[in-house]
Amino acid sequence: MDKKLAFWFDIADCSGCLACVVACQDQNDFKAPDMALRQVSSLEKGEYPATIANISLACMHCGDAPCLMVCPTGAIFRHNATGVVDVNRDICIGCHSCEMACPFGAPKFAQDGKMIKCDLCITRIENGMKPACVHTCTTGALRFGYIDDLAAEKTRSASIKILESSKEK
Amino acid sequence: MLIIGNGGAAIHAVTAARGSGFEGEIHMVSDTAGPAFNPMLAPYFLKGALSWKHCFPFGRDFYQNHDVTCHFGSPVEHLDAPNKSVLLHNKNRISFDKCLIATGASAILPPVPGLRDSPYAFPLRTADSTIRIQKAMESAKKVIVLGASLVGVKVAEILNKRKADVVLLDVAAQMLPRGAHPLAAAKLRSYFEKHGIEVRIGCGLEGMDQGSEGVCCFFPDQIMEEADFVAVCAGIQPNLQFIDPAELQIDQAILVDDHMQTSVNDLYAAGDVCQAMNRLTDKHEWLGTWGNACYQGRVAGLNMAGEMTSYEGAIPQHISPFFDWIYAQIGDVNRQGRNISTVISGEPEKAGGYRVLVYDKDVLVGANCINGLENIGAIKKAITMQTSWDPIEMKSNCIADGLLRGSVFRHHNSSNHM
Chain Y
6 MDKKLAFWFD
16 IADCSGCLAC
26 VVACQDQNDF
36 KAPDMALRQV
46 SSLEKGEYPA
56 TIANISLACM
66 HCGDAPCLMV
76 CPTGAIFRHN
86 ATGVVDVNRD
96 ICIGCHSCEM
106 ACPFGAPKFA
116 QDGKMIKCDL
126 CITRIENGMK
136 PACVHTCTTG
146 ALRFGYIDDL
156 AAEKTRSASI
166 KILESSKEK
Chain A
725 MLIIGNGGAA
735 IHAVTAARGS
745 GFEGEIHMVS
755 DTAGPAFNPM
765 LAPYFLKGAL
775 SWKHCFPFGR
785 DFYQNHDVTC
795 HFGSPVEHLD
805 APNKSVLLHN
815 KNRISFDKCL
825 IATGASAILP
835 PVPGLRDSPY
845 AFPLRTADST
855 IRIQKAMESA
865 KKVIVLGASL
875 VGVKVAEILN
885 KRKADVVLLD
895 VAAQMLPRGA
905 HPLAAAKLRS
915 YFEKHGIEVR
925 IGCGLEGMDQ
935 GSEGVCCFFP
945 DQIMEEADFV
955 AVCAGIQPNL
965 QFIDPAELQI
975 DQAILVDDHM
985 QTSVNDLYAA
995 GDVCQAMNRL
1005 TDKHEWLGTW
1015 GNACYQGRVA
1025 GLNMAGEMTS
1035 YEGAIPQHIS
1045 PFFDWIYAQI
1055 GDVNRQGRNI
1065 STVISGEPEK
1075 AGGYRVLVYD
1085 KDVLVGANCI
1095 NGLENIGAIK
1105 KAITMQTSWD
1115 PIEMKSNCIA
1125 DGLLRGSVFR
1135 HHNSSNHM
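From first to last, the protein sequence lines stand for chains Y and A.
At the far end of the first sequence sits residue 174, using the numbering used here, and the numbering has no gaps.
At the far end of the second sequence sits residue 1142, using the numbering used here, and the numbering has no gaps.
Take these hints with a grain of salt, some might be off.
[Unchecked claim] List time: in silico EDC-like cross-link candidates among lysine to aspartate or glutamate, alpha-carbon distance up to 16 angstroms:
#, chain 1, residue 1, chain 2, residue 2
1, A, K771, A, D1048
2, A, K866, A, E749
3, A, K771, Y, D117
4, A, K777, Y, D117
[As the list claims (entries may be wrong)] Quick look at which bits of chain Y chain A covers, simulated, 3 or more residues with Cβ under 8 angstroms:
#, region
5, 71 to 77
6, 154 to 166
[Claimed, not checked] Interface residues of chain Y toward chain A, partial, derived using beta-carbon atoms under 7 angstroms:
#, residue
7, G51
8, C107
9, P108
If you're looking for bench data, these hints aren't it; they were derived computationally from the structure.
By construction, the Cβ of each residue, glycine as well, lies at the ideal position given by its N, Cα and C atoms.
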């Protein structure tokens, strides 16, 4: 694998607007209203005024993907160039083993009984565009990029925060 | 490095060893002549969901691509563990530094009089047995399915879809006796009966004999029925016949440690032939699934190649479509004790599906789900992690692991948003 692509999600910036979910549905031409490859969940903590956090979740394209490991036909595979975990629906038998293996609920099942999952909008990426959910995210909570670049950026922003907090003191 | 067997565990051991940089010789011995067959796919092939070619998911080129020397078509007759060698059926002897036993399991042929010698008894496990039962299915009008196991119910479904009369038989008091809660099993039974399958539970097959056009089956109370054949789906047993039980520790299957090593140094076991850690019980148990075999093979392959890695264990689990339903069983739903409570909710045909959740105090230990499986992965994770839950209210303190969140958060989608 050359370099691995991944989503970046910042929980502090997510407003729970669900634009990412709608963008996913639109990009994939899903007709069923409850079908999307990304979901947004809310977590409330404490009494009123409770702390509410929103989490936008799609396939993590795991480094050691359990869905890929348990797939009995080899239908689930990884793109070598990008690390994206994808499915060859022609040989998916709809056994749901991947659904049981994934703790994030990423594998979904279409009307034909076969699995469908987030492919990080690989076709859009190959054509110089962002994934639909990232493109639509109104607050910048969702981003994407190569893991090394994202990790470097995270380190940089964390360092800035530490420096700023030490200045305030 | 010698690998005995040619299934998921064996293939993943090779992949892991080569992936870790192991450049030594890898020899593979198997009784089969072709590429690795996945027995889990046999019912899907018979159902028409998959071509024959794709029942061999690693293909023919795998061995050459991974520089494996194949000794195929000749089973191991004897493993000489102390002297680190195996004797093949063709009388060749192969020595090894390290060896993986990954011989899998075979279908059990129950000791029913007349069954083992009958040309009308068809187990389903290997590639050859899949082809045999496929041919038998082509013209079958009535079939007895012996064993309401996970394979048995799938075979019953396939035969029903082929318009055959099907009797699904099991001596146990319910369908899927190994992993289903009695109430979930009852739901499945009525569903199968609604499709026209006759389900006889608590009923054994007492004998078989040649019939006028097929086979005569003898049941209790001197009942005799003719059928075209008997599909034998009474479970599987590990392939151990080439091992001297005095040489390594064997319970139901070969006992291994966390590194997938047997009681003998440099001798490893993985897949359906071994007993590895059940995380629910902290005991070594026989949990044969395709996924477990692949993970175990990977750990064994890495350790044989000189790495030091551990198998994290597994829990009992299965998920499968039956007709238009999806059924999942995880953990232990039949645990007994004063601290056990069971929460049953929903209906299979309604939104959210049907769920049986079994708790030991506040720890979720087992689940049966029919449909409504959108968070089944999180439930499995919860059971595996033995997380504390409030069984009724599922308060936020049940979230001990961030991975569980999907099952207890409020989920939104665009329809309820707009």
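Structure versus earlier hints - violations, ascending order: 2, 4, 6, 7
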